[in-house]
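**Q** In order, the protein sequence lines correspond to chains Y and W. Each residue of the first sequence is one higher than the one before, starting from 1 at the first, in the working numbering. Each residue of the second sequence is one higher than the one before, starting from 507 at the first, in the working numbering.
Hint data in this document are derived by calculation from the structure and do not stem from the laboratory. Warning: the hint list may mix true and false statements.
To be verified - What follows is a list of derived Cβ distance ranges for each label pair:
id, chain 1, residue 1, chain 2, residue 2, range
1, W, Leu741, Y, Asn147, 49 to 59 Å
2, Y, Ala108, W, Leu741, 50 to 60 Å
3, W, Ile682, Y, His78, 49 to 59 Å
4, W, Leu530, Y, Arg24, 45 to 55 Å
5, W, Lys712, Y, Asp99, 32 to 42 Å
6, W, Ile628, Y, His78, 31 to 41 Å
7, W, Ile682, Y, Arg24, 25 to 35 Å
8, Y, Arg24, W, Gly804, 49 to 59 Å
9, Y, Glu81, W, Ile682, 33 to 43 Å
Built from N, CA and C at the ideal position, the CB exists for glycine as well.
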Amino acid sequence: MAEAGEHKVLFEAEKISKAFPGVRALKNASFTLNSGEIHALVGENGAGKSTLIKVLAGVHTPDSGQVRLEGKPVHFGHPVEALAAGISVIYQEPNLFPDLTVAENVFAGHYPRRKLGLALDWPEMTRVTQRLLDGLAADIGPLTPVNRLSAANRQIVAIARALNMKARVLIMDEPTASLSDREIERLFGIMRQLRTQGVGIIFISHRMDEIFQVASQVTVMRDGEVVGTFLTQAVDRDQLIALMVGRGVGQLYPKTPGVTGDLLLEVENLRLKGHFGPVSLTVHRGEIVGLFGLVGAGRSEVAQTLFGITPAEDGEVRMEGKPLAIHSPTQAIGAGLAYLPEDRQMQGLVLPMTVMENISLAVLRAVTRGRWVDRAGEESLAERYISLMGIKTPGPRQAVAALSGGNQQKVVLGKWLASRPKVLILDEPTRGVDVGAKAEIHRHIDRLAHEGLGVILISSDLPEVLGMSDRVVVMREGRITGELSREAATQESVLRLAFSDTVPAA
Amino acid sequence: MARVRWRDLMGVREVGLLLVLLGLVLVLSVAAPGFLSWPNLSGVLVNVSVVAISAVGMTMVIITGGIDISVGSILAVSALLVGQAAKAGTGLWQAIALGLLIGAALGGINGLLVAYGRIPAIIVTLATMSTYRGINFILSHGAWVVGLPPYFTALGQTNFLGLQIPAWIMLGVAVIGWYILTQTRFGRSVYAVGGNMQGAYLAGIKIPRVQFLVFLVSGLLTGLAATVYTARFGLVQINTGMGYELNVIAAVVIGGTSIMGGSGSIQGAILGAIFMGVVSNALVLLRISAFWQGVVVGILILGAVIMDSSIRASMLRAVSIHSIGYRGAAEPTDGRER
């Protein structure tokens, strides 16, 4: 047994910095993992947890700093090198090959060959896989196709694969997110068992109770920095939340007090099985409603349902008192809704097209005379929104792919404003956008609200939500857990509603 | 009406292709004395007209991200029925209308299956390529259609203002196709569906409708091409249109239309078809075995695709600079937090 006293340093990251264009994702982050330790990593969305584990797993190369494995510096240029060194990452949705069997997945990438000839050594693969699965007390056959397994059993296959790679460091990125309580218990049992075998585990979870249940150490991250590492016995939940927040909202957000007008959008008991519900909320003219929740809380799903992408199973939506039946984006646009999607390149822009063609895409009807697109009208429409949004482009005929992230986002925003919506749903409008463009987008949002638009602002950036919203609605695991006025919404009060805990039900 | 600018007509790819084509013409005018005569050049246009007419529809299909490999079989069925009708003595206009109708019907079936059946285009048209070909054999009983009346073959052989009618039809179809693709709402939707299907859907574009229509147009124009073909050759063989789809797709791809969808042009496709016509003409004039044609066309296709993917890659590079954390395929695609 390698319990207390015998811990030795297994894997460390020292003063890691990593910048992406416009964002410093990690600043001098240091982190130490001992063998036989379960070490939780916590922080808000965007605090840098994912970037840190990507550096540790060889996905990103750090700009500066050092990663050491058992005291020896390592430089992983590729995830495969980290894997070979004994570092395995298990994602929430493990990267398995669904059509292959468990044994084929466990041996993916390094299949054993028979001594003679080229054929795979099937008996060996099956035998080793069975042994690994037995060791994990898993009731899975090595020859079962992975697509027949539950989410929990897929996690176990991923763990077996890691063990087969002789993993000494296991990084688990929100492994419990899609598991039931019993499955979580079983996973924790496996984690504790691996710990006694000297494996070091980095455990990322948004659920506080899990952290206290399974981890002995906890490292808190905020804004790309490590705030500190603590024994879980020495801290409590509220202290951790305070550490995660820890900063002032500041004067970054140009929200000006506005007049909230008549009721625009009413959503009542909206439900989509397996995703969210029942969800009820209202948006008034001139109001910015912030919708906050941790990753996976169901915010984007609600937005997509409102916009007709995944029609609801149940519930009612009314616009200005009139009931709406929305089953497609076409109908949603007709009803006065606009949706700025989370992934602007995947969903918001047609990259081979020009700025002008993107802006007019949702309103082609308005710039067509008879059957033909009126190019002059289209160009003047585009020019109007280019100047309104302050899009930096050589001209309307510039290919949109060549613009910066912030300007691309302004093109998407311009496209939706051109459709003259009544309610604008913004899903992560400033993600991946540099600070300057961010402030500019915030100013536009504020101005739009003043012009009478209702805005639903979905964001993982808590200061943004607090800074911009008249009202904050908080979601957790598909349900609305609370609604706070601008005055009542603070980092603590919002995070308290957003983090799962089984405590104050009363 | 819209202003049409030169640069709207001629993008990077079209200009590139035009320059290569002009270079080839220059070389040939020296190497092959007969090449630069009007009868020869107009002959090239007439020779490529059948393929080029289908290529206009195929361009639209490929821009949406689809493909239509059944056009050879559509050509065969349409040519057969048009030929039989002409032989039976229907009027010229009725024959043309019949060709359009049959092509549109067969293309429409493809479109329904792709758009509303949600079956991949390559599978649908692979199946209908075989089915339509089979229908052709059943209807023809394996017999050729010969001895078409002169009023009908005149369509394929009459001169008008120095060009034969098939070349005029090709040019007319190209202009209409260009206009629809670049100047109409439908055309814009075609590019949007191929450029970013999710984005097009979110912008309220009715994707199935667009997919259905491009296959319909592809069939319709192939029906027209069949009429031109029948009139020009004056007979319909049993194996009409075998391998035709490959020539049509080759013209479109050489013309710079991306096989991944989202970009391409009618001008390009017409230039691509002419290019292939010039190459085969050159082989004849230079007395090189026609066997070489396949090799040359293959190289042309590869060249065009390599150019397309390098343009695409440079575009993607411009994008990834601005998108945080983009590392291409190496990055696990959890992508939720950056």
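**Q** Against which earlier hints does the structure fall short, listed by number upward?
**A** Per hint list: 7 and 9 violated.
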